[in-house]
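**Student:** The listed protein sequences correspond, in order, to chains A and B. Everything in the first sequence is counted per UniProt numbering, starting at 1 for the first residue and increasing by one. Everything in the second sequence is counted per UniProt numbering, starting at 1 for the first residue and increasing by one.
In short, the hints are calculated from the structure, not lab data. Virtual Cβ for every residue (Gly too), placed ideally from N, Cα, C. Hints may be right or wrong, so weigh each one.
Under the rule of at most 25 Å between Cα atoms (straight-line distance), these lysine to aspartate or glutamate pairs were calculated in the DMTMM-like manner [stated by the list, open to error]:
no. : chain 1 : residue 1 : chain 2 : residue 2
1   : A       : 38        : A       : 23
2   : A       : 38        : B       : 435
3   : A       : 100       : B       : 436
4   : A       : 100       : B       : 435
5   : A       : 100       : B       : 437
6   : A       : 204       : A       : 151
7   : A       : 204       : A       : 214
8   : A       : 100       : B       : 440
9   : A       : 38        : A       : 394
10  : A       : 204       : B       : 437
11  : B       : 506       : B       : 311
From chain B, some residues computed to sit far from chain A (all C-beta separations above 10 Å) [said to hold, decoys possible]:
no. : residue
12  : 192
13  : 204
14  : 287
15  : 363
16  : 400
17  : 401
18  : 516
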Amino acid sequence: MSDSTTADDAGRTDASNPLVTVDGLRTYYESEQLVGGKPVKAVDGVSFEIGRGETFGIVGESGCGKTTLGRSILQLEDVDEGRVSFDGTDVTTLGRRGLKEWRRDAQMVYQNPMSSINERMTVGEIVREPLEVHNWETAASRRERVQELLDRVGLRPEHYHRYPHQFSGGQRQRVGIARALALEPEFIVLDEPVSALDVSVQAKILNLLSDLQEEFGLTYMLIAHDLSVVRHICDRVGVMYLGKLMEVGPTERLFTSPQNPYTRSLLSAIPQPDPDVGADRITLRGTPPNPRDPPAGCVFSTRCPFAIRQPEHEELGDEQWAAIAQFRRMIRERASSTTLERAKQRLGMGTQFTPIREVAEDLFGSLTYPEAVEETLTRATELVADGDVTEARDLLDDEFSTVCEHESPQQHEVGNGRSSRCHRHREEYREPGDYLRDAGDYLPE
Amino acid sequence: MEYTPLTERVRATPWPAVVWLLGVCLLVAIELGRIASGLHNIGGAVVTAAGAGYGGLADGLASGGTGGVLTAVGLLAGLWLVGLGVVTATRATVVLRVTDRIPLRSQRLLDGLAFGLCLGVVVGLAVVTGAVGVVHALGDLLQSGVARLAELPTLTARETIPNQGYQTPDGTWHGTFFGLSPALAWGLRVLLIHLYVAAWLGWLWSGYQRYRRHYRQADWTPRDDVVSRLRYHRWGQFGLLIVVLFLTMAAFAPSLGTAPANQNIYAPFSNSITYYDASLGEVTETLVGNANLETRSQGYPGENVSPMTYDRFDRFHPFGTLTNGKDLFTFLVHGARVSLLIGLLSVGASALLATVFALISAYYRGVADLILVVTGDTIMGVPRLLLLILLTVLLGDTWLGGLYNGGVLLALVLAATGWPFLWRAFRGPTLQIAEEDWVDAARSYGQSATGIMRLHMLPYLLGYLLIYSSLVLGGVILAVAGLSFLGLGITSPTPEWGRAVDLGRKFVATESWHISLIPGAMVTLVVMGFNAVGDALRDAVDPQSDSSVADASETESRGGGV
Numbered sequence: 001m002s003d004s005t006t007a008d009d010a011g012r013t014d015a016s017n018p019l020v021t022v023d024g025l026r027t028y029y030e031s032e033q034l035v036g037g038k039p040v041k042a043v044d045g046v047s048f049e050i051g052r053g054e055t056f057g058i059v060g061e062s063g064c065g066k067t068t069l070g071r072s073i074l075q076l077e078d079v080d081e082g083r084v085s086f087d088g089t090d091v092t093t094l095g096r097r098g099l100k101e102w103r104r105d106a107q108m109v110y111q112n113p114m115s116s117i118n119e120r121m122t123v124g125e126i127v128r129e130p131l132e133v134h135n136w137e138t139a140a141s142r143r144e145r146v147q148e149l150l151d152r153v154g155l156r157p158e159h160y161h162r163y164p165h166q167f168s169g170g171q172r173q174r175v176g177i178a179r180a181l182a183l184e185p186e187f188i189v190l191d192e193p194v195s196a197l198d199v200s201v202q203a204k205i206l207n208l209l210s211d212l213q214e215e216f217g218l219t220y221m222l223i224a225h226d227l228s229v230v231r232h233i234c235d236r237v238g239v240m241y242l243g244k245l246m247e248v249g250p251t252e253r254l255f256t257s258p259q260n261p262y263t264r265s266l267l268s269a270i271p272q273p274d275p276d277v278g279a280d281r282i283t284l285r286g287t288p289p290n291p292r293d294p295p296a297g298c299v300f301s302t303r304c305p306f307a308i309r310q311p312e313h314e315e316l317g318d319e320q321w322a323a324i325a326q327f328r329r330m331i332r333e334r335a336s337s338t339t340l341e342r343a344k345q346r347l348g349m350g351t352q353f354t355p356i357r358e359v360a361e362d363l364f365g366s367l368t369y370p371e372a373v374e375e376t377l378t379r380a381t382e383l384v385a386d387g388d389v390t391e392a393r394d395l396l397d398d399e400f401s402t403v404c405e406h407e408s409p410q411q412h413e414v415g416n417g418r419s420s421r422c423h424r425h426r427e428e429y430r431e432p433g434d435y436l437r438d439a440g441d442y443l444p445e
Numbered sequence: 001m002e003y004t005p006l007t008e009r010v011r012a013t014p015w016p017a018v019v020w021l022l023g024v025c026l027l028v029a030i031e032l033g034r035i036a037s038g039l040h041n042i043g044g045a046v047v048t049a050a051g052a053g054y055g056g057l058a059d060g061l062a063s064g065g066t067g068g069v070l071t072a073v074g075l076l077a078g079l080w081l082v083g084l085g086v087v088t089a090t091r092a093t094v095v096l097r098v099t100d101r102i103p104l105r106s107q108r109l110l111d112g113l114a115f116g117l118c119l120g121v122v123v124g125l126a127v128v129t130g131a132v133g134v135v136h137a138l139g140d141l142l143q144s145g146v147a148r149l150a151e152l153p154t155l156t157a158r159e160t161i162p163n164q165g166y167q168t169p170d171g172t173w174h175g176t177f178f179g180l181s182p183a184l185a186w187g188l189r190v191l192l193i194h195l196y197v198a199a200w201l202g203w204l205w206s207g208y209q210r211y212r213r214h215y216r217q218a219d220w221t222p223r224d225d226v227v228s229r230l231r232y233h234r235w236g237q238f239g240l241l242i243v244v245l246f247l248t249m250a251a252f253a254p255s256l257g258t259a260p261a262n263q264n265i266y267a268p269f270s271n272s273i274t275y276y277d278a279s280l281g282e283v284t285e286t287l288v289g290n291a292n293l294e295t296r297s298q299g300y301p302g303e304n305v306s307p308m309t310y311d312r313f314d315r316f317h318p319f320g321t322l323t324n325g326k327d328l329f330t331f332l333v334h335g336a337r338v339s340l341l342i343g344l345l346s347v348g349a350s351a352l353l354a355t356v357f358a359l360i361s362a363y364y365r366g367v368a369d370l371i372l373v374v375t376g377d378t379i380m381g382v383p384r385l386l387l388l389i390l391l392t393v394l395l396g397d398t399w400l401g402g403l404y405n406g407g408v409l410l411a412l413v414l415a416a417t418g419w420p421f422l423w424r425a426f427r428g429p430t431l432q433i434a435e436e437d438w439v440d441a442a443r444s445y446g447q448s449a450t451g452i453m454r455l456h457m458l459p460y461l462l463g464y465l466l467i468y469s470s471l472v473l474g475g476v477i478l479a480v481a482g483l484s485f486l487g488l489g490i491t492s493p494t495p496e497w498g499r500a501v502d503l504g505r506k507f508v509a510t511e512s513w514h515i516s517l518i519p520g521a522m523v524t525l526v527v528m529g530f531n532a533v534g535d536a537l538r539d540a541v542d543p544q545s546d547s548s549v550a551d552a553s554e555t556e557s558r559g560g561g562v
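The following block holds chain B by itself, in its conformation from the complex (with noise of 0.2 Å):
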């Protein structure tokens, strides 16, 4: 059985691969519209970052003085670590060519440093002459094609299944999808997105099954054991289950909201909604910020909007409403969009950081390590609520504030206060796989050490990895909810769970028990989630825990006799 790639291999037996791809742009075809918005924002988000980025860079030059030069040195210091990544990635030298007397790591670094160079020059150039209005161009051009791909209609979108309407005295609903009432229209459309969610994971698990069946040239690998094993965990697919939720609540939460969120919760009084006056007998047009201030929850009969109710305005409440008559339902699913950014962007950072820290200090040791465990003990010694609370207030006004409402500047505090956590986590398991004889081997044939951590060391951390943060990522999502509680971090009016529960926090014994409870449950149940898959992870990845492979002799059994 000769290697083969892939493509050969999906050319000897096409179909399984083909109705599989089918399969796959059908589901991307039903929701294209969605897909292309989402990219249209992304792409709004890297422009307007990348603008700000570089206003800050202008500024800071500009400025000249100390300021000036620390900028210039951050500058460099990205181009140079830049550099070194495409060097590493392209395995380019350009040192070596020159002169062969400089040891070989060095000449990294100083290829590293000459590509950094070359891309500010020509960067810089492109700014000067103007060239780089070309690149806005192109930029532009693109974002309004994938603009336009984005006004397709999508399945699971809310003007697919419209859910605002309103009731005349007949009895008959108006604006509805079909004359439904919106709560049955909203509950269609709710279950129609989970369908779609499901029919995608289904999807790809067959796709892994096809390719393990059809076109996997091992038989078996490591990854087999921990998948089957994951089959038979409860418990984790429990967890499983919560966070695909909480995953869905915050992809699709435009149109799991009741209303859209910029109409409910943004700007009510820039937008305006159509019922019927009992009082007038005819139907009526009102601002939805003079609708929410009929319809607020302020903790007794009169003034309350209970879960699953109407208000007078004829608007569905699946969770009611806040104190201040927006809508309860909406302002999760948005939320869990915020708190889900956070977290995986504060825990991608930390991580990342947190694992090239610890291979750094498994595989040289000595003065790197010493250096690390200061640095690290050093942020765990400064209480990490104080340093949250200083560093927000002390960078809050700058543009790197302004961004996502706060919401990047504490997923970056949070990355930062928090990776010598999961680098202790990560170190000790990290020296001892950089003990292992297979490193000292790979050693032996001159292998270099970012190819020794790389390939000998990082495989075996991924478990680790995995585990932590998904442990890590509910600690995050408690820990915004906590800031936002103690009204820092998010700002008003952006979404968040924690605000709900301080919001709510008055009316806890009263009528409007929901405002604290539904947002407070959900916290715990999404951490509890996350905490579960990381325990599954660890049943799976972690040999020990499983007794039905104590039978080597099976496995061994087929490689064949010696």
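Extracted from the complex, chain A is given alone in its bound form (with noise of 0.2 Å):
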């Protein structure tokens, strides 16, 4: 774990030799439904490397799949897709026992210490059993092993008698420490291994996971939502939303210059001390869309207040534009409604919409529009209103849409060793950077 005040965060990682590459991991999550349901696609072709001895964070939003790239990393979900090589082997192809082997050197320590912990057993045997599962040496080096764990994670030699019951949440995030050190890995998926922490044990928790870092070489990929716990200690970062990575930088350029327009965001959302820097704060607006149905284009789009707009409307104003993409988000929520819903609703057993001339009354009765916008608004609430749904989105599609919402970005490299998902990296689009300068300035460069 590199101090977060170096200058050149990506000096320890060795780049043409990393621990761990990702490429194109897809996860999905079948649907529940019997017939005709879409899979959640948890994780949806994530790619990236991990160095040696790299601190690598994940963060993003809850729900957007962190959690399932670390377990899919660590083959405990099954990986629908692509590869994960560790140390040049493909660990997605593994059988049963190359598997088994492979777990001695990729360990997992857990969100929430009340639960990943059997509480039925002492802390002994719960720092044993990885040791018992692979025939460790001999019972009594077994034992003694333990004990030493038990002490480098900051146990004394008493507790190997406990039970859980008897020690606090720190505590028992150190028995899971244990449990993951006891196979010597080389490799710790931490799942916010402190946020179901107290503030003031978090600290020592983090501090002992980076001294064990130093002393046993290894590396983490580091799970979280605390953009601050990942900037102490992540030597890089990845950003990601509904599945996908959006950003990848060495920590310190990716927080102090974001490139990508959700990673700025993300960032923007964390408090500052200094009111006058927080007020131009960039909100994201709405809730994130459901990963069963993730927009088609970049999954940003839908909330994104950077995106793409078709040349006549740039000097549109930032609430008209919201307005305008409320508007068309209900009318294609509608459009997709199935034929049960749609039947459901005549017998009047759904959800019944809302006229759609109160929507649009609500959306864009205190707000003007230029007139060839204005004409077009009317003629889809119009045909919204004579039924024919499919038609008024097809219209607004025509009208609105632009290169965010058809084409999934690529993985743009955007300066050393950083990428980033987001069109307006192509040559003929301004960066986003750029774009909100001459768009208002009001993010803080």
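The task is to assemble the complex, starting from two chains supplied on their own in separate frames and drawing on the hints.
**Tutor:** And the structure:
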């Protein structure tokens, strides 16, 4: 874990020889419905590398698939597609035996220390179990190793015979860490290791983790939603949104000059001690879309304040644009409702949609639009009122949709070891940073 | 505080253990004869069952056709299961030494098959070559040794405190313990038996406390809380008392009864008693069967022997007599044995099935769960009484139906029809346990499926297992009594509580009210006792029911600060 003030975060990363290489990883959860359900795309085409001895962070809102990503890398989930290379071997193709052997090298520390250790076993038994599973030397040496591990994570020898009930959350997390270390792994996935702990304990656990990394030469993948934790201990960070990795880069540079619009929005959510700086925060509208039905183009396009607009709409105000986006979202929703849902509505069983004119009045009543836009909106409203929801959707798509909604953005290289998924990195568009400066200069650079 | 094996801890401070073990030896020595005779009986039953099973297998194989094929398949499956058990227990590997291409799970299954086949071949060879004779000889030797031990006198035996005798006109009793009246002698024996049981229970409790104080390395375990909650559960303690009395009744039936079962119930016309005949003016001998005919309880004052009275042959009847003149108390204590055996066998079997199936459905889910749900629901969908009657009638004539007068068959049928109810109760909690992070964590360091089920899921299921088993046990006792009442299940003359209720049905409103009422009240009481124990266990195991543990900081602080 390099100091966060170091100028070059990537210094310790041996890029030419990564320990873990993830390539196009996809993990879908099958729908619970028997017929016609869509799978949840928890992890959808993620690629990155983790260098030896590095701490790689994954951040994102809850539900973005970061835990699933960690579990997929450890083969705790059935991976649908893609490769995970560990030290040169593709672990997704390992057989049962090979997988069991490999598990010695890759371990996990869980988020909730209250549920991650079995309360019917003593601490000694808990830490000893991985050793027993892998037939570690002799019984005596196993016991010795457990004592050693307990000592190393800051527990006392007499804790060997205690039960988890007798420990606080921080101590339990230490037990979980000792268990993860038992088999001398090279790589540990830390799934929000401190988010369930008291703030006063968090720092101690984080320091312990960094000491252990130094002592045993561990490689960490830290999953977190607490950005300050990530900034504190990670060498590089990946930002995840709806199953996609939006931006990857060295921590300091990613925090000081975020490239991707989503990263910018996420970072601006960090409370600033200086009230003047916090004034121009980017507030994200709405909630993340349902991962069962992600947007067609860029996954962030439905909420993106930087979305590419057609040239004639560039001058529309933020509020006007947001109302149109909301209107289109609602019409899309209506257009995609299934026959069964529509039949239910006829019978008065399902949720009734608000009459479209009321919706339009609500959204656009207080706003003024250029004539051409006004006309399109009115026509769309009329179409929906006449029952032609699909036609209305197509009309609006013709008028407003851009590359953001058609095409999934590529991972663009954006300078020294960084990559970002956004169409604005393409030559024909303005970079997100430039765009913002032009649009009103409301993000501090 | 390093971990040390129990033997070393005992060696370090031997006295508490030595004293305790001496006490155990003393308690065993007092009753060595009874324990040996119990072992002798169990050994005999096992030999009989094995013989019957072997006979059934041989017949099935010899019959050829579908029956032969079915028997062969069953035999192979049985061998495979045994082999699988051996492989799992010993962690031995066969296939792995030949090839490592086969996935681990299939390896285990193949290893099981290999071990099972080897076992089958060895046993088969032994039977063919006559080597099995050696086993027989060894068994016989063992049996005779145990039989000799069984002849040792015991403290609570009928012979130590005899209660059968006769009274001469001068009022003195002959043949009883120190010339006491039969009622007093019998009462003394009953008291002694219960004191002996109480001594055992007290000594076991003292052993547990000695272990906690001197040998246990953990200063606290989750079980301690369960025990301490049970200590203040009065309703549960009442239930436990009833259950202990019932268990004592079953265990000590031969010496609790006023007369030996063989003499009074099974073969009354092959045994005789002596009594003082007033009309002849001398001590006479008569067959028990003939005596019984004159002591029947038929509902009117002239022909009735009430509870706590003597009959005209100077026999004491604490619960009166049955309609056929047999002693009701003797009948009931031996009936307790039958009820308990059927109850334990059927609940044990169905709890085992239900636990294994619940673990499988929760761990694997999907298709495995679906198959079990369909199977369980199908069994639950058929009216249980109908299924019970059907199966007992259908299988009654096979060798299985002959074991223990149909008791074993009844227990197995009850288990086969009863497991879905237990499984339903277990499935929910087990599904919840399977979702826990520690199960996932165990998977992440490569623990096997069976290992996860055994170490990380089963311990959480044990509480439910105890609770529901004790509740179901009461139900089984009731079901067996109910079936006997209907004239099904256990055949005469084997004593069964339900049959006593049935016999006395006509006389409920007469002098002979005791025949139905006492067994009926006892069934109710025992079922209530088991339910109370189940309730208490639930309250003790489920921390939510306990308010005093709300103070979590106290337990946490004992671990020391972070």
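**Student:** Evaluate each hint against the coordinates.
**Tutor:** Consistency of the hints with the structure:
1. A/38 to A/23: holds (24 Å)
2. A/38 to B/435: holds (23 Å)
3. A/100 to B/436: It holds: about 21 Å lies between the C-alpha atoms, which stays within 25 Å.
4. A/100 to B/435: holds (21 Å)
5. A/100 to B/437: It holds: about 19 Å lies between the C-alpha atoms, which stays within 25 Å.
6. A/204 to A/151: holds (15 Å)
7. A/204 to A/214: holds (15 Å)
8. A/100 to B/440: Satisfied, since the Cα-Cα distance of roughly 14 Å is no more than 25 Å.
9. A/38 to A/394: Distance ~23 Å between residue 38 of chain A and residue 394 of chain A Cα, so the pair holds.
10. A/204 to B/437: holds (23 Å)
11. B/506 to B/311: holds (22 Å)
12. 192: Label holds. Min Cβ-Cβ 41 Å, cutoff 10 Å.
13. 204: holds (23 Å)
14. 287: Per Cβ check, residue 287 of chain B is outside 10 Å of chain A; nearest 61 Å; holds.
15. 363: Non-interface label stands for residue 363 of chain B: nearest chain A Cβ at 15 Å, farther than 10 Å.
16. 400: Check passes; 39 Å lies beyond 10 Å.
17. 401: Given that every Cβ of chain A is farther than 10 Å from that of residue 401 of chain B, nearest at about 42 Å, it holds.
18. 516: Residue 516 of chain B is indeed farther than 10 Å from all Cβ atoms of chain A, at 47 Å.
Against the hints set out earlier in the document, no violation occurs for any number.
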